[in-house]
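Enquirer: The residues making up each chain are set out below.
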Amino acid sequence: MTTSSPETMAAAELALPPGAEPVARSNWQLFRRRFFRHKLAVLSIIVLFFLILVCFGASWLAPFPKNQTNLLITPGGPSAKHWFGTNEVGQDLLTQVMYGGQISLKIGLAVAFFSTVVGVVVGAMAGFYGGWIDQGLSRGTDLFLIVPELAILGVAIQRLGRSDNSFIIVLAALGWMYVARVVRGQVLSIKQKEFVEAARASGASGTRIVVRHILPNCIGPIMVNATLAIAAAVIAESTLTYLGLGLQPPATSWGILLNQAESAVTETSKFYLVFFPGAFLVLTVLAVNFLGDGLRDAFDPQSEHGSK
Amino acid sequence: MRRIVYSVPVLVIASFFVFWGIRTTYDPTAKFRASRDSARIIAAKRKELGLDKTIIAQWWTWFTHFLQGNLGVSDRTNDRVWGMLTHAMWPSLQLMFWGTMFALVIAIAVGVYSAVKQYSIGDYAFTGISYIGIAMPTFLFGLLAISLLVTLPVTKFHLTHPYLYSVGLHSSGKSGFNIDYLRHLVLPVLTLTVQSVAVWSRFQRASMLDVLHADYVRTARAKGVPRRKVIFRHAFRNALIPLVTVVALDSAFLIGGLVITEQIFSISGMGQLFLFSLTGGDAPVLLGWFLVVAVFVIVFNLLADLMYGVLDPRIRIS
Amino acid sequence: MTQIDPTGDPETNRILEPPFVPAVAPSDAPPVLSVRGLSVEFPTDDGVVRAVDDLSFDVFPNETLGIVGESGSGKSVTSLAILGLLPKQARVRGEVRFRGDNILGAKENTLRELRGDRIAMIFQDALAALNPVFTVGNQIAESIAVHHDLPKRELEARVVELLDMVGISQPAQRAKQYPHEFSGGMRQRAMIAMSIANDPDVLIADEPTTALDVTIQAQVLDVLERIQTRTRSAIMLITHDLGVVAGVAARVIVMYAGRQAELGTVDEIFYEPKHPYTRGLLASLPRVDRRVVNERLHRIEGQPPSLIFVPSGCAFHPRCPYADLQGLCVSERPPSVELSVGHCSDCHFAATLDERPVRP
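Protein chains in written order, with numbering that gives the first Met the number 0: chain A, 0 to 307; chain B, 0 to 317; chain C, 0 to 359.
Just so you know, these hints were derived from the structure itself, not from any lab.
Quick caveat, the model's predicted, so the values are computed rather than measured.
Accuracy of the hints is not assured; some may be wrong.
Stated by the list, open to error - Below, a list of computed lysine-lysine pairs in the PhoX-like style, where the Cα atoms sit at most 20 angstroms apart:
| # | chain 1 | residue 1 | chain 2 | residue 2 |
| --- | --- | --- | --- | --- |
| 1 | B | K228 | C | K151 |
| 2 | B | K228 | C | K106 |
| 3 | B | K116 | B | K228 |
| 4 | A | K65 | A | K105 |
| 5 | C | K87 | B | K228 |
| 6 | C | K87 | B | K116 |
| 7 | C | K87 | C | K106 |
| 8 | A | K65 | A | K80 |
| 9 | C | K151 | C | K175 |
Please build the complete structure, drawing on both the sequences and the hints.
Expert: Put into structure tokens, the structure is as follows:
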């Protein structure tokens, strides 16, 4: 592009004062400005906040007690009393969706947290020290190039027991590698830069360099990856549970609600059984993805808008 | 490609963990417990299956047999594993073939359109749809598709046969490539590929945009080549090159989708075989399954490499 | 700095309002290409980039016009604007007349018929500018085929002839090869062959030698000159390299911040520069013939201007050692002053430059 030279010139002028601190306050302000310009990302934060509030506040907000069955009423679609309708055993679907969201969101958030922590540590080590950690990491992630992750997940969940905690453990155990790979790549590229050379020359230790100089510079990709991990975990839980490999009642999650909504497939009048848990699931994943996009754009203005 | 080859040793290690996981979770002799004289039968069965040895020894037996080309027999049905796999492979290969073709055609068409008409209403619409496609779990799409495209028309128009079928690949008693087959194929193929179409079309859009800004496209315009020809002769072929890699890397992901799709649409292929074997604790079949899948992905990647060479003369020479 | 004779009597200098026409053409023929008041702006997130700002010049048949300036001075944008190849968001004003007809903003089809046929372009980086998936011969043939309906056999013969013309040995074999199988110099020759395929009236060469080694540079420039004697095309040679211009061009436009700084013959520009920026550029050239021990290369102080916030008045004033920082230079944009026939300088003090005090 012919316009790139004046533009990059202008950009270079804007990003002039990096100073001693790699993440200067001016960068943070720039980040905020760019993030809030991404309207869908801002909306997504509101949506996610709302979802978390509604699901984790279910004990106070839900119209009916969890799993309360009422076999006296005829199962039916949305009504004034049951906003989302009731299922086969007379459970209020809104209540179940709220409680189900607790598990789904808990799994998503916990997996994102643990895989990020482990991934950052291992990735930084692999990038900084190389050697066998690096080799092992690459081979591990490559496994999923030839074997479907879903299959490995399925087997692992059967081994560990079909509970929400084993979902968290297995998904985090598999998910950290992606984060690690990203961090490793970032560390490798940043390692070459002058300020790290300078820190090293002035006698800083390896750990210190990683923590003080390298990590603040990969915060962007790390956070983007964490959002992606939430989405992936929520989808993985619901998929495996739907297939009958995951959680089981009396636990409730969006996956379980969808698994129980099988009758909707044969009876049009029961479509709401699929619609409401499905909508919450898609809404969560959409919001998390938009949030990731917003973060990506805010951290890296060069990236193309909205491209995956 | 080299990465694919390197991961073979990892696969061997992974096979051990699968073996260990399945063997320590499920007891293949459980079904004999209810029978009379259960203790004796179970003991005999354990000896027959080699369950009295250590887990490593059991796995080693499996592995050496495998190296001799013997995949063993199913714990569940006593059928030969290889036979079960080849039997299950055919429907899955059909789904994969049509799915990949369909996803490629749609993703490329949408991607090229969106890039050429960047920021048009169509581009925004496709962007929106692909976001939803990416956020939509495969199984949920399958459920919605059956509810809205099969059950709804049937109830609404009181049909005896739906327009699109949601069970199997053929109506009973029918076979071959015909209208009946296509009516069975539409929904599973859509379900299998919804995520791939969404991701690949985004990718194709980005890659096409890249290419449209490339110097050689400007050169072509400076030569006076008409716009249509610039797009379809100069830009298009270059924009396909990166997509080949992505499609190849996604092949394992597609097989994951196969598990879901076959379950929803009751197609007795590899995906269903996996689910049955996993819930039945059938270690020999599962191990064979992983193996076949890995080989398939490797072959798929080799094909992609060949494709790469056809599209890009720089690769062809070196 | 060489001592320059103060030429031109201030009283005889005419102050010209652009658009203007240089009084005397280098030849009697009418200009093949006239640019009048060309401006190009790009809206960006940070503001409007004024890449070209009210530029006017003429290109005459069979002449070589050099356009010199630092990167970001608007040279390349000018050439793309002439062919209508700028991205959609560019805002273009002014006139570009090809053989009398304004082609700026003309219909895409009109432009398309001119491109590559009457006005052809040679790009800087031939590796990026040639399509990697087609053979070189194929790409040259295409530039003929889009304009002329030739039988395949003749087309192939013409491609081989063109490759031969630009000095590529074994042209028939080479035509079947891909760009990545060519060396850098050969790729640039192939680009030239492609651009002259239809004997264009105007050949715009955008930094044709920048990506090449010095020895190859000379060869490529040589090819350009030889081609010109055969095709009698006018060449617009765009470069940041004064040395290249000195060797090839007859007339030179020096550009700064998207504007004309000075226009004149090569001799006038090199030996009688009448714009402080031209003088700065010349002084910063390493000279083997005037090497003094411990002499340091002159450099122009300050940064090239941002094209979003172009300095007021004369765009060069913040860096100009002659500038009147309290007066005209800051407040008013300098008009183009014709100091002698065909020699113009856009400086308030063009005529009296040598008498002005120089800031350290």
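Enquirer: Each hint: holds or not?
Expert: Results for each hint:
1. At roughly 19 angstroms between alpha-carbon atoms, K228 (chain B) and K151 (chain C) fall within 20 angstroms of each other, so this suggested pair holds.
2. Of the supplied pair hints, the one linking K228 (chain B) and K106 (chain C) holds, its CA atoms being roughly 18 angstroms apart against a limit of 20 angstroms.
3. Taking the CA atoms of K116 (chain B) and K228 (chain B), the gap is near 15 angstroms; set against the 20 angstroms cutoff, the hint holds.
4. Note on K65 (chain A) and K105 (chain A): the hinted pairing holds, with a Cα-Cα distance of about 17 angstroms set against a maximum of 20 angstroms.
5. Between K87 (chain C) and K228 (chain B), the direct Cα distance comes to roughly 19 angstroms. Compliance with the 20 angstroms bound is thereby established for this hinted pair.
6. For the given pair, K87 (chain C) sits about 12 angstroms from K116 (chain B) by alpha-carbon distance, which is consistent with the 20 angstroms threshold.
7. Using a Cα cut-off of 20 angstroms, the hinted pair K87 (chain C) and K106 (chain C) holds, with the two alpha carbons roughly 14 angstroms apart.
8. A distance of roughly 16 angstroms separates the Cα atoms of K65 (chain A) and K80 (chain A); the hinted pair therefore holds under the 20 angstroms criterion.
9. Distance hint between K151 (chain C) and K175 (chain C) is fulfilled; the C-alpha atoms sit about 15 angstroms from each other, no more than 20 angstroms.
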